[in-house]
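Visitor: Here's the letter readout for the chains.
2 protein chains.
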Amino acid sequence: MSHNSNLLHRRERLLGPNMTTFYSDPVHIVRGEGAWLWDADGNRYLDCYNNVPHVGHAHPKVVEAISAQAATLNTHTRYLHEGILDYAERLTGTMEHDLDTMIMVCTGSEANDIALRMGRAMTGKTGIICTDNTYHGNTDLVSHLSAKKTPIGGAVDWVKKVPSPDTLAPLGGSAEAQAQAFADEIQTAIDTLEAEGHGFGTLILCPFFANEGFPDLPSGFLDPTVEVVRRAGGIIIADEVQPGFGRTGRHFWGHQRIGLAPDIVTMGKPMGNGHPVAAVVTRPEIMAEFRNRFGYFNTFGGNPVSAAAAMAVLDVLAEESLVENARDTGDYALELLRQLDHPMIADVRGAGLFLGVEFARDGDTKRAAPFCAQLVDEMRNRGVLLHSVGRYYHGIKIRPPMCFDRAQADLLVETMDAALKALPV
Amino acid sequence: MSHNSNLLHRRERLLGPNMTTFYSDPVHIVRGEGAWLWDADGNRYLDCYNNVPHVGHAHPKVVEAISAQAATLNTHTRYLHEGILDYAERLTGTMEHDLDTMIMVCTGSEANDIALRMGRAMTGKTGIICTDNTYHGNTDLVSHLSAKKTPIGGAVDWVKKVPSPDTLAPLGGSAEAQAQAFADEIQTAIDTLEAEGHGFGTLILCPFFANEGFPDLPSGFLDPTVEVVRRAGGIIIADEVQPGFGRTGRHFWGHQRIGLAPDIVTMGKPMGNGHPVAAVVTRPEIMAEFRNRFGYFNTFGGNPVSAAAAMAVLDVLAEESLVENARDTGDYALELLRQLDHPMIADVRGAGLFLGVEFARDGDTKRAAPFCAQLVDEMRNRGVLLHSVGRYYHGIKIRPPMCFDRAQADLLVETMDAALKALPV
Chain A
262 MSHNSNLLHR RERLLGPNMT TFYSDPVHIV RGEGAWLWDA DGNRYLDCYN NVPHVGHAHP
322 KVVEAISAQA ATLNTHTRYL HEGILDYAER LTGTMEHDLD TMIMVCTGSE ANDIALRMGR
382 AMTGKTGIIC TDNTYHGNTD LVSHLSAKKT PIGGAVDWVK KVPSPDTLAP LGGSAEAQAQ
442 AFADEIQTAI DTLEAEGHGF GTLILCPFFA NEGFPDLPSG FLDPTVEVVR RAGGIIIADE
502 VQPGFGRTGR HFWGHQRIGL APDIVTMGKP MGNGHPVAAV VTRPEIMAEF RNRFGYFNTF
562 GGNPVSAAAA MAVLDVLAEE SLVENARDTG DYALELLRQL DHPMIADVRG AGLFLGVEFA
622 RDGDTKRAAP FCAQLVDEMR NRGVLLHSVG RYYHGIKIRP PMCFDRAQAD LLVETMDAAL
682 KALPV
Chain B
262 MSHNSNLLHR RERLLGPNMT TFYSDPVHIV RGEGAWLWDA DGNRYLDCYN NVPHVGHAHP
322 KVVEAISAQA ATLNTHTRYL HEGILDYAER LTGTMEHDLD TMIMVCTGSE ANDIALRMGR
382 AMTGKTGIIC TDNTYHGNTD LVSHLSAKKT PIGGAVDWVK KVPSPDTLAP LGGSAEAQAQ
442 AFADEIQTAI DTLEAEGHGF GTLILCPFFA NEGFPDLPSG FLDPTVEVVR RAGGIIIADE
502 VQPGFGRTGR HFWGHQRIGL APDIVTMGKP MGNGHPVAAV VTRPEIMAEF RNRFGYFNTF
562 GGNPVSAAAA MAVLDVLAEE SLVENARDTG DYALELLRQL DHPMIADVRG AGLFLGVEFA
622 RDGDTKRAAP FCAQLVDEMR NRGVLLHSVG RYYHGIKIRP PMCFDRAQAD LLVETMDAAL
682 KALPV
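Chains as they are written, first to last, in our numbering: chain A, 262 to 686; chain B, 262 to 686.
Calculated directly from the structure, the hints in this document are not laboratory data. From a predicted model like this one, the values you see are computed outputs, not experimental measurements. There could be a bad hint or two in this list.
Where chains are identical, the list cannot tell them apart; a pair therefore holds if satisfied intra-copy or between any two copies.
20 Å max Cα-Cα, derived EDC-like pairs, lysine to aspartate or glutamate [to be verified]: (1) K322 / E580; (2) K682 / D638; (3) K409 / E550; (4) K627 / D592; (5) K682 / D361; (6) K682 / D671; (7) K682 / E350; (8) K682 / D592.
From just these sequences and the hints, can you work out the full model?
Guide: The structure is reproduced here in structure tokens:
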């Protein structure tokens, strides 16, 4: 039995079946540095996918912050500590719209679980709207928003899913009509929730529509949607787990990029460079309503080590000008990707270090899914790690650590060019 | 404005209102070591309360494990890694009853949120039974079990709360009758859930009844309860967040101490000595049902750093014989506490390093609550940190790091003796 089959066998025995791995031949990663990963046999991979190690795998400054604080004190927020306060001040300083208060938790799922309850507390309504091709986390409540995983107990009728915006197949039939068409879909969902007696409380969306395949949308795209939601008295949650922390290069937050003023912002994955930390940011009156109604306390949430890890990420982003790097390297990589020549490439798009290539076979995106899966494996075999995205997993998602440089962009695109040429169409 | 009022003001501004702190005069802790904590003014406190720093505050071996792994690699379980597998093998090796598979998550709340869904997946029923004086976490689903916090949206009728066992006021009127009386209460709740159409799926309890004030209960106490639950086809979750990892001195798990064979075991707080890590352990067929039905994935769950932190805790427990220490120092401290002489002491009890003093005024526990709150503050002012527990917060909970020693037990009890004498009855 090979080394990897041994590991896979142990995984199934100890962790259970149906645990997804990336790639037909899963990778046994043992070490990381910057945008590089190494497997147990010493093979090196270029990481073009992981946004959790936001400022680079094993960044020494984040490791040092975690180590130093863990060696000093790690406790909870029923004692006073400046770490969480300094971080809250710094984090909320990156946002406008009176988004001035924070709850720190451990996962994006916990953050969205809270945000949805804030919406319920503010509106008194249980109805939630999300897109039909999204993922916001894995708690019982949040799992009801998932497009691709049926929650335990089945779907609930107080969650309505609207068609997501799309580049190749825009709602309303054209890029120009899409903003209003999306708002119209939300209006219909609101009307249904109200008619069914749940009432409409909360719209939750990723302002970059990351899982939806990040269609190119102009700033102001959500203006008609906001109008519809405001008229109905609803709350808007911007889930920044993917586009946040400067990922898109020209804005620190996805909601700033699309020109949205959300009521609640949630974040997770990249926040602590891998340390389990996440947060909810909202206006003081929403925070007060939630805290007074529920009295939320999270033992690990906001502990000094998590706050130190999160602060170090903000420090490194600034010191190494990584948002600017995401813009510059992202623009450079996007230009290179656009020069790729392959009959199945239907679109190349993205912002900063969040890029994608969408495939179609004879104009049909669904039929491109098997090819895309082959390409993902072929890239892995050639030492470049990325993965698929989109309604049919028919596109490539490129979302490397923010320290990704031009030489690495060259390697990525050269490898993709070779892989595309090697694969049968 | 004093230093602490400044911090409290910043807290309210940045984190919102109604965030509980311990003590009328909250403590600003800046450093910890073993069972000692220091505040910003250099004052030293004996930590007799925190179970999260299970093997001692800032234990160098755990810090080193976290630092070394964070400097090497921190990624997710879609790649293969031996850390989570080695830990799962070691952890499940401490349990019997085919409890052989694990999901690693970040918080006890996430663990219980999964466990409740496992119960639902296995039984197809939504009804849950818990005690009327418990706490199992803060997600939307799990918050419905809380005795003291009304969930957002109000209570649900598919959770039934049964009276918790008690030492001073045993169910059924006597210690002997209590086991059957508790089972009878559960039978009534089952019947109600079935009659109301929810069906009975899951019983969740802390096998030490920690939040219920850890009444002294014999091994076998839950036998009649298990019979009732099995007859109804239900699932039993043992929440080991508090009694687990050897806390009670003579058993590694609370369910072993009380002689219970649970279907699912959840754990959290002490597992990573403060690092946000938690887990669900269950039988292979339950794990398979959950994983096949839902396809659970948790980005931070089971990452190599969390696995390393958790493994280091098991290593230190063994190397420093801390379970044995919990037994020996616990027995010693219990004996000392029993020598305290005060008219309001109604009972002294516990196991290992999980001890308590229950107070009553003229036989009325509720009327002892203000006195107990005063005692908690008085102890804090004398440099010993502990807190209250029980239905009316009328008892003292003593739950120090597992390295707590006899000299520290002496200091604890001497300080409590002096505090009791200083307070007006």
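Visitor: Hints first: check each against the structure and report whether it holds.
Guide: Hints and how they fare:
For the identical chains of this complex, K322 and E580 are intra-copy neighbours only, at 11 Å inside a copy versus 31 Å across copies, given an alpha-carbon limit of 20 Å. For the identical chains of this complex, K682 and D638 are intra-copy neighbours only, at 14 Å inside a copy versus 73 Å across copies, given an alpha-carbon limit of 20 Å. In this homomeric assembly, K409 and E550 come within 20 Å of each other (Cα to Cα) only across copies, at 18 Å, whereas the closest approach inside a single copy is 33 Å. Taking the shortest Cα distances, K627 and D592 never come within 20 Å of each other, neither inside one copy (28 Å) nor across copies (67 Å).
When the C-alpha separation of K682 and D361 is checked against a cutoff of 20 Å, the pair qualifies neither within a copy, at 51 Å, nor between copies, at 47 Å. For the homomeric pair K682 and D671, the shortest alpha-carbon distance inside one copy (17 Å) is at most 20 Å, but the shortest distance between copies (76 Å) is not. Taking the closest pair of Cα atoms, K682 and E350 never come within 20 Å of each other, the shortest separation being 50 Å inside a single copy and 44 Å across copies. In this assembly of identical chains, the alpha carbons of K682 and D592 never lie at most 20 Å apart, being 24 Å within a copy and 73 Å across copies at closest.
The earlier numbered hints that this structure contradicts are 4, 5, 7, 8.
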